[in-house]
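Asks: Below are the chains, spelled out letter by letter.
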Amino acid sequence: MTTATASAATATPTGTKMTGAEMVIKAFADQGVAHIFGYPGGAVLPIYDALFLQDQIEHILVRHEQAAVHAAEGYARSSGKVGVVLVTSGPGATNAVTGLADALMDSIPIVCISGQVATHLIGNDAFQECDTVGITRPCTKHNYLVRDVNDLARVLHEAFYVAQNGRPGPVVVDIPKDVQFATGTYVGRENIQHKTYRPKLEAEDAQINAAVEMIASAKKPIFYTGGGVINSGPEASRLLRAFARETGVPVTSTLMGLGAFPASDPQWLGMLGMHGTYEANLAMHDCDVMVCIGARFDDRITGRLDAFAPHSKKIHIDIDPSSINKNVKVDLPIVGDVARVLGAMSRAWAAKGLSTDKAALTAWWAQIDRWRSRQCLAYRASDTIIKPQYAIERLYNAVKDKDVYITTEVGQHQMWAAQFCHFEEPNRWLTSGGLGTMGYGLPAAIGAQKAHPGALVVDIAGEASIQMNMQEMSTAMQFDLPVKVFILNNKYMGMVRQWQELLHGGRYSHSYSEALPDFVKLADAFGGVGIRCDKPADLDAAIQEMISVKRPVIFDCIVDQQENCFPMIPSGRAHNEMILGDMAVDLDEAITDEGKMLV
Amino acid sequence: MPEAQERIERHTLSVLVDNEPGVLARVIGLFSGRGYNIDSLTVSEVSAESHLSRITIVTTGTPMVIEQIRNQLDRLVPVHRVQDLTVEGHYLERELAMVKVRGTGEARSEALRLAEAFRARVIDATRESFVFEITGKSDKIDQFAHLMEPLGLVEVARTGVVAISRGPTAL
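Sequence order for the protein chains is A and B.
In terms of the working numbering, the first sequence opens at residue 1 and continues consecutively.
In terms of the working numbering, the second sequence opens at residue 1001 and continues consecutively.
Hints were generated in silico from the structure; no laboratory data involved.
In this text, all values refer to a predicted model and were calculated from it rather than measured experimentally.
Check each hint, because a few of them may be wrong.
Looking from chain B toward chain A, a few residues come up when the C-beta cut is under 8 Å (computed) [stated by the list, open to error]:
1. P1021
2. G1035
3. Q1068
4. A1125
5. E1128
6. S1129
Far from chain A, by Cβ distances over 12 Å, these chain B residues were calculated [said to hold, decoys possible]:
7. L1041
8. S1050
9. M1064
10. V1065
11. R1075
12. G1089
13. H1090
14. L1096
15. G1103
16. T1104
17. E1110
18. A1117
Note that CB positions come from ideal geometry on N, CA and C, so glycine has one too.
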């Protein structure tokens, strides 16, 4: 290998001479990239040629560029590494846009290399030309068009740095074809320092001291955690657990933060927000000190803003200053990395010998237990028809003791998965939170399976979502990635149907899944295994069969068509106005006209 | 929401950026994408050897929105520094305008007298027109242009606001 490199590239005192295409591969190797997800085309052929001539980096050929980005997201989210994507110009880049927007919203570190037409053709409407940096500017953390091969190595290393430092996000590097062919000087990552980008990681002592004093004085505190805890790394989850235990404060989390705090812990309240638990949302509403840790007060979390936690003092820990005071004005903003801030807070707590008000916390927990006793996730079981909640409960029960990663598509099944899977560890739950991208789950599962070859990876899907990136079954087959697609098939775009029932008088406009494929035959056609189950009594055995098969599986789980996902905070309502499944309310009246305007 | 939160304020921001392709598009895209206002925007390279450009933006919004604008700008990768001059206090604001006025007789003399009062310079003249160059705060230019209207104002070209803090410190 060394001799091959030496013959292709000549060492000079200042750096190594090589082509732009070789630089891309060399930079990947220097950055520790082992897998990339991509799709070839005219404008990236030199890079594909360089890929062909090496065996250090494995390329996973997807069937659509959107899936390449989602697969890289699943890879990144489950492993903590940067996900890498390689696409061609024009449609290759535009197809990747949804994935890039998804990664931006959920703060997933991605480096996406796109081919571009040769520099002399840029702006001439050349074949497969598009303004990739223009199109991706608002849906990336940063992007580059490289016009000189001698800038390429620096830009590539900067891209990896920007993608994973500070609040992570996607970075696009657009490389014209002539730059890929041109020869220039390669510089290693150790010689590159970004000119300006230095995210603030450490908080000031004064803020840390003020924060711990506020927590110590609280009567009804709550930790509201989010994806930032997971992005900060495993140490952040460990510190969160330790600090929660030390203080005795109840913990809830957004959809993106599930797993950072163990669901089996007695201090766990479940997820909060639109489809969060009764106890989590009411505790948020009634708390007097809220510590928001790596979350961003998204509208799915806050409900009606002017009624959001009205009696609380709020501390907000976030690495991104622009997340602070965006939707909700907070009393104590702390800009910094979650792990470092939590570490500093734990040390300050111990150094000052602080403790929480035991009597007040006992009363607070008694109140929370009364809310818990409401059993907000209860549903009417059936022995003739599979309830979707039952399906996920049985699925989770069967996989929970295994090395398992769960991805989802978007919709009712996603919310039920969030409610009924009880994650103990971070990085095990991969879902599209911010953008809400149907078609995320299967490619994300492929990415996660590539990062964890021995693990069990299950995509909890709906029959509508799965059809958005169904073609990736072929990728799973080609690369021997035995992902399991568990479809809750209710023959509706369930969440759309639910909203039409709630808001549009039950007029189910275009939300019925007409002309569905036979998913069992479809699995067969791809060379995978299809399983269908429509009886509660058969479910456990069928799930066991799915787990035991070492090939990609599509599990067509036929479930109740009418089931709605509860609890639910109707849009435009406050946390304490949530609807529970067994409430006999006129749902149309639960939502105000103003609420109907909201998404 | 308390009233103070809803009050619309006018702020002048100075932004130091790398002079690289697309940096202005990033800034403008941020404003249009997030629905912020731009009352005035100027940009020019200020240091050729370090490839730095300085952008001066005059914007309006509630205090919460202004804080967001500052933080969103600061988060752009090629942005070195953002300074809210309005918050930081003592600063100077200037704008340059060229004002073309057409007329003869008394109107023409009156235009010239007013220009003198406003310390505007004549930078082009024909028998029936003047182009005045005027520098000052935006409201001075507004006022000058308004006074020229009945005297034969033809058109105005303005640079937009540039601003700098008073005292010895830099952005």
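Asks: Each hint needs a verdict: does it hold in this structure or not?
Replies: Tested hints:
no., hint, result
1, P1021, "holds (7 Å)"
2, G1035, "violated (13 Å)"
3, Q1068, "holds (6 Å)"
4, A1125, "violated (42 Å)"
5, E1128, "violated (43 Å)"
6, S1129, "violated (39 Å)"
7, L1041, "holds (17 Å)"
8, S1050, "violated (9 Å)"
9, M1064, "violated (6 Å)"
10, V1065, "violated (10 Å)"
11, R1075, "violated (5 Å)"
12, G1089, "holds (21 Å)"
13, H1090, "holds (25 Å)"
14, L1096, "holds (30 Å)"
15, G1103, "holds (45 Å)"
16, T1104, "holds (48 Å)"
17, E1110, "holds (50 Å)"
18, A1117, "holds (46 Å)"
This entry does not satisfy hints 2, 4, 5, 6, 8, 9, 10 and 11, going by the numbered hints stated previously.
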